[in-house]
Amino acid sequence: MSNLSQRDAFWNRIYELAKEDKNIIIVSADMGAPALDRIRTDLASQFINVGIAEQNAITIAAGLSMTGKKVFVYAIAPFITLRCLEQIRVEGAMMKMPITVVGVGAGFGYEDSGPTHHLTEDIAVMRSMPDVVIHSTSDNVMASAFADMSCKMKVTNYVRLDRLVFPDIYGKDSDFSSGLSVLKEGKDAFILSTGSMTHSALEAAERLKKKNIDIGVVDVYTLPINAPLLLKAIKGVKKLVTLEEHFLPGGFGSAVCEVLADNGLLIPVKRLGLPIEKGYCYQYGGREIIRGFYGVDAEGIDKQITAFLK
Amino acid sequence: MSSLITKLGKKAYQIRKEMLDMCIKAGTGHVTSSLSCIDILVSLYYGNIMRHDPKNPKWEGRDRFILSKGQASPALYTILADLGYFDKKDLEGFAQKGGRFGVHLQYDVPGVEITAGSLGHGLGVAAGIALGAKMNRDLYLTFVLLGDGECYEGSVWETAMFASHNRLNNLIAIVDRNYLCVTDFTENLIRLEPMEEKWLSFGWNVQRIDGHSFDELLCTLNTVRSRRSDMPLMIIADTFKGEGVECITNIPLWHGMAPKGKEAEICRIDLERRYNYE
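Chain order of the listed sequences is P and F. So for the first sequence, my numbering puts the first residue at 1; every next one is plus one. So for the second sequence, my numbering puts the first residue at 1; every next one is plus one.
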């Protein structure tokens, strides 16, 4: 599946599921993708285009859900989370509506499009509401599994997908129900990462090995975090690094620190992500350049982790 | 028909009285917003318009009623209690410690479909239900009541386009056109008129009626199930905010509160004087 984007892996699986289940409905805010086009043509009665109207997309989805439909609402991620946030809050969270909000373009996936299309606040915003579960996707196997899991959700579900193509991390039929996976053990420290940054974490761990730093990697893909499992995974670790392509306040690193604080585990933590002082990024030329602006390109990650572990 | 209209008039008085008492006791509740739409709600619930079953609130064949102007929950709660959806005693705890429900609408109260209070949401949910009903080949209707001030919300017009494009003729919207927002009359704030033309241009069938005339309400609502149209219907019901209680009727800033002390007594006297049924 590694030649696909997460978006296509996810919608390919939904296509398969929707063929067998007429109650699966896709509400799209005028989005196109090869896998989605297939749904539009082959399963026309299950595909609703609301136009570029995200607020309406969520309320229509809620209404459809009240008639027994399994609804997937889809748009570019910052728009289908932030533009219609209050609709997600009221029709989704407050009524425990089992709709799935699907956003494409996590982090800097729309690398050439500027900050309007970058998704850099959604984890902070979406995790602040009760009865909303975030699925932060790191590879295509996971994207496909999230399609299956979404059909069974009992509360509002948010799937954040990357737009660019990444290699697979997980083997076929992996189980993602626990919310996090230890991808690599480490003696000196652990990197906890989410989304596409898990690829960066794995690469950093490889590079740091050459500097005799043995650092583990945990991929956290479901929020709220499975706290007991996380605490078990990092038991005995002296230092932690969190890594996200998201502004630091309230983000993934904050969520990890909340788990540590609430459980009395007071170990040094370095949060790597987008420092808010840097502001929004108007630089172009690829994802690594934008990450470099915030100090979380490959070089910046290595430098910051090395300094932290000294 | 005339006996039904007499019956509805009496019921509207009873509901106004109970709603007013409930809000006075609680010291809160959007009394004037509730008063403006009580005749509409009484027509729907007691005028043999909506199909519903108080003994089975989740009956699949029920018509769906979405109260988008969630601030009028006191009116709906009073009616639902009167119909037996829940115990009338629950009204006594309105918006108080240990109470079952508060100022804005709550989805877990029997007979209520959605949580509402933030405006501009209900029409979209109603359109989603109407679309789902068509997909499922269900024949129930979806009614939605909006406030007129709510029509300032852009999301209302996103749904307006969607509903006509998708030919949701099973969607019946009513705007409680009381001409008042919080601080002033709508036509002083930002003009909402011409309302008919706006909805017509968005592809809806439109009827404009007196929202306090049971004659006009029933004439319009009696035919919603057999309409020969594939478009959604918008009923613009001209009303007065505070209708039935003259001392708080049609007054800017008389919003989002209940009368207290001496004012509460004057309100009760005004209501008696207006209906004079007892």
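What the hints contain is simulated information worked out from the structure, not anything from laboratory work. It should be emphasised that the depicted structure is a prediction, and the values quoted were computed from it without experimental measurement. One or more hints might be untrue.
Unchecked claim - No farther apart than 20 Å at their CA atoms in a straight line, the calculated lysine-lysine pairs in the PhoX-like style are these:
#1 P:Lys96 with F:Lys25
#2 F:Lys25 with F:Lys89
#3 P:Lys209 with P:Lys96
#4 F:Lys134 with P:Lys22
#5 F:Lys58 with P:Lys154
What the hints assert, rightly or not - Take a look, some chain F residues computed to stay more than 12 Å from chain P by CB distance:
#6 Ile49
#7 Arg51
#8 Lys55
#9 Thr159
Unchecked claim - So the derived label-pair ranges between C-beta atoms look like this:
#10 F:Cys219 with P:Glu16: 29 to 39 Å
#11 P:Arg38 with F:His165: 20 to 30 Å
#12 F:Lys58 with P:Glu206: 50 to 60 Å
Beta carbons are placed, not taken as given, at the ideal position from N, Cα and C, and that holds for glycine.
Okay, the hints, checked on the actual structure:
no. : hint                              : verdict
1   : P:Lys96 with F:Lys25              : violated, 31 Å
2   : F:Lys25 with F:Lys89              : holds, 13 Å
3   : P:Lys209 with P:Lys96             : violated, 45 Å
4   : F:Lys134 with P:Lys22             : holds, 13 Å
5   : F:Lys58 with P:Lys154             : holds, 19 Å
6   : Ile49                             : holds, 21 Å
7   : Arg51                             : holds, 16 Å
8   : Lys55                             : holds, 21 Å
9   : Thr159                            : violated, 5 Å
10  : F:Cys219 with P:Glu16: 29 to 39 Å : violated, 52 Å
11  : P:Arg38 with F:His165: 20 to 30 Å : holds, 23 Å
12  : F:Lys58 with P:Glu206: 50 to 60 Å : holds, 56 Å
The structure does not agree with the numbered hints 1, 3, 9, 10 stated previously, though it agrees with the rest.
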